[in-house]
Structures are given as structure tokens and as C-alpha cells.
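Taken in order, these protein sequences are the chains called R and L.
The working numbering numbers the first residue of the first sequence as 95 and each following residue consecutively.
The working numbering numbers the first residue of the second sequence as 440 and each following residue consecutively.
Keep in mind that a hint or two might mislead.
Said to hold, decoys possible - Only part of the chain R face toward chain L is listed, based on derived beta-carbon distances under 8 Å:
hint: 1; residue: E136
hint: 2; residue: V315
hint: 3; residue: T317
Said to hold, decoys possible - Which residues of chain R face chain L? A partial, calculated answer using Cβ under 10 Å:
hint: 4; residue: A179
hint: 5; residue: E188
hint: 6; residue: S192
hint: 7; residue: T199
hint: 8; residue: Q364
No lab work stands behind these hints: they were computed from the structure.
In this text, a Cβ means the ideal position worked out from N, Cα and C, and glycines have one as well.
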Amino acid sequence: MIGRNVLSKGVISRLGDTINQQEQLAAYLLGELPEEDQLRLEREYFIDDAAYEQLVALEDELAYDYLEGRLSPQRRLRFETTIGATGRGRKNLEFARSLLDVLKTSRKVTAMPARYWAAGIAAALALAVLPAWLAFRVAGLTTQLEKLRGESTTWQARLERELAARSVPPPAPAPVEATFLLAPGLARSEGGPERLQLSAQADTIRFELVLPPGASSGDLVITIRAAAGGEIWSRSSAVPGHTAIATVPARLFAAGEYTIAVRRLAAGEQPPDLATYSFRLVRK
Amino acid sequence: MGPGKQPWDLTEQSLHRLLAFLDSDPHRAAERYEKVREKLTRFFEWKGCLPGDEYADETIDRVARRLEEGIETAPENPYLYFHGVALNVIRERWRKAERDARPLETLPASQAPAIDPFEAQRLEAVEGETHRRLGCLQDCLGCLPPPSRELLTVYHLGGAGVHIGRRKDLAERLNLPAGALRLRIYRIRRQVEQCLGRCLARRGE
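Could you put together the complete structure from these sequences and hints?
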């Protein structure tokens, strides 16, 4: 329970900036504030639409806190009998749960394709000793891999050739990584984008991006775009030094021209790029 | 249980008087009417008075009736007047609840307060619909501008040196007040939710 008289005038309109203020607003929404403080808050949000919107945003966030187990048992109960008990509250919860699921799945798929590939290949090779299951399992694996991130038919064909050729499964190969060091601007080579040769065996490409002077350190967003088809990959990461690293699944790249843009992570309007790196990818 | 209904109906004349009370411009008055109704609905829900919209309508009717009867002193602020009437509605509701209180064991099963929203919506979910919903959500997230998508992901899942649940850290990194960040995330989520609604409608839910 929040003590009396802890709320000063205009607490919501200061946008609930401190932990204490947020706590007080949450306490109001869950019916834990003393009456005097409730009245003060209510007078504020009845008059001020911005203050009201701030409370609504916090109410929305409580659904996520509820699902992610960030509410105390007492608050969970209060949530269930107040905000969560309304039709709108249940709809919010349903949406929040779906959104969290999709965000988690998206991150998993984007972050660990190489691991899935390795696991898929290892599983398929192990099945080579069971010929009767082979066709079924390979088809199952193909579907699974398609779901995860679109599959490379080249890899699939290669896998099947290997399965047919070997009676005893060899150990799963270690992922192969190709590394390229890129400087900002256009090509380091004369007359066009830099030409990068990518081995067919490469599972991932590691781009080491030299940042321009004054642009080092901080949270950066790295985006890779194909000249022909728009964005193919994007990730934010904390960059401690003068080089930003992007490790990207090789299967995302067909032969062609690409641009990597680096900019600062920002909440509002997208800031201009700090640096761009252009290259032409050639598959060996 | 909804609020007690009074034998009085909102007439066209009393509605016009109510709108004029909110604003002299009819267009702005209509907008304010919607806003005050929304605020009242939330106000009652946050107080645990459900369904909030019925209590909100009861409050609006009472204000309209008082306006029809004539208020001697003009209130300092029309919104605060609504708030004052809403408080009276709540006090009456609590008094009535005390009078009508019955032991839990005597309630029929249909009236037992066994609401677990998480469980309720889980039971309602049908697998096919869930897949369609998740597919739509995936598409909608993909349609977000990359900065919004990144922000939403980091806000909920952490990343880039921001731990899950440490939203304060993210606000500091972005040099934003925590409340402003929350509002921005809220608006992104609403954007995704609206997109989801359109997508499900297109796909026949």
C-alpha cells in the first residue's frame, strides 16, 4: 500500500518518469492508493487528456507485466479482478500473449538459423541408418526448415546426395563462416562496389564494419538491403569500439549488389545513416 | 451487476444541453462527450465496477438530468462535475453491495467470481484461429517501420545491453523519460493491433 500524501500535484502529467511515480500510478490502477491520492489523480486525468493517455498506456503495460510474471501474487489477483476481468482487459491479454509469442519466435528464428541448420543436418544424417524412414523424415525436416527461415534448395540437394552416398553417417560439419572487413562509403576497389566472393560452404557471413571517425560506441542499428529487393536483415546491437559486427546467415544472400547501413538506435524518427557499405556478392 | 437504473431517459433536448455543457462548439462537444464517456468507463473499471460502460452511461444520464433540472452554480470544470457525479454513483454502488452481500458459498456456480482471464482466453482459443492470428501478427510486425519494430522487440525481450524487464535502462539509453517511452511503445502496440484486426478481417475471422 502506498502511503498518504505521497502524490504531489500533476504526477501523471510529468509522464510517470520515475520508478516511484510509475509505482504510484500502477497502485492507482490496481486500487491500492489511499482515497485522497486517488481523488487527486482522478481530477488530473479527468481534466488532462495527456495524463489520461499516460494511465491508459500503463494499464496496457500491466497486461504484459501480468503475463511475464512481473506482478506480485497480490497484484496478480487485483489485476484479475479489475482490469483483467473486463472484456477489453481480456482482449488486451490475448493480444499481449500473441505479440510476445511472435516477438520471441521472430527473434529466435533470426538469431539462431545456423544452429537450426546444424541440428537439422545432424538429425538428417543420423536417419541415414534407417532407410525406411528416410524419405519421410527428410520431407519433415524440409518443412521445418522452410518454416524457420526459407530454405536453401542447394543445401537440401547436397544433404540428400550425402545421405544417399554414405552408409555410415559422418559427424555433422562445423558451421563455416566467411568474414569480410568493410570500410564506409563506396568500394575500396576502383570502379564500383567491392566484390566479395562467397564460398558455397559458408553458413554465415561475418561483416566487420569499420565505423567512421566519431561514430564509434553506442547502440547501433545495422540494416542490409539488396539493391533489387529491399531490406533482408536488420539488427540492433551495442557497439563498444570502432568496429560493428554483423553475423548474417549466408542463405539470405543471392548473388548481387547490397548496401549495409549503420545508424544509431533511436526511439523516434529514424536518424540519418552514420555510414553505408556497398558491395557486390559473388557466389563461388 | 450493473448500476441501478433510474426511471429517466435521455431526451434529444437533454442531450443537446449536455453537449452544450461540454463545449459551445457542437463538433468539439461531440468529441468531448466520447472522451468523457471513455474516461468514465475506465474510471469505473479501475474501481472494479463492471461493466464500466454501464456505470459511465448511468453517470452521464445523471449529469444530463441535473442539467435539465438546472444547476444553481456553474461547476468549475465540466469534467470535474462528471467526476463528482461518478463518485456518487460508486458510493451508492458500494452501499448497495454491502446491503446485498451474500456469503460466497450461497452463490450459484454461474455467479462465482472465478475469473482467470489468462485461463479463460486460453480455453477460448482454437488452434486454427491461433495460427491465423499469429501469422497475421507476424505480417503486421513485418510491416512496422524498422525502428519501431526494433524498439518494440528490445522493450519486451531486452537486447543491445538492455535486460528483459529493465525498461528504465532502455529509456536512459534513448534519453527519453520512462513515461514517454511507455507511451511510444503503447502507440506502436496499438498500431500492430489495428493492423491485426484488418488482417484477420481479410482472412475471414
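Task: Those earlier numbered hints the structure runs against, lowest number first - done: Hints that this structure does not satisfy do not exist here, as all of them hold.
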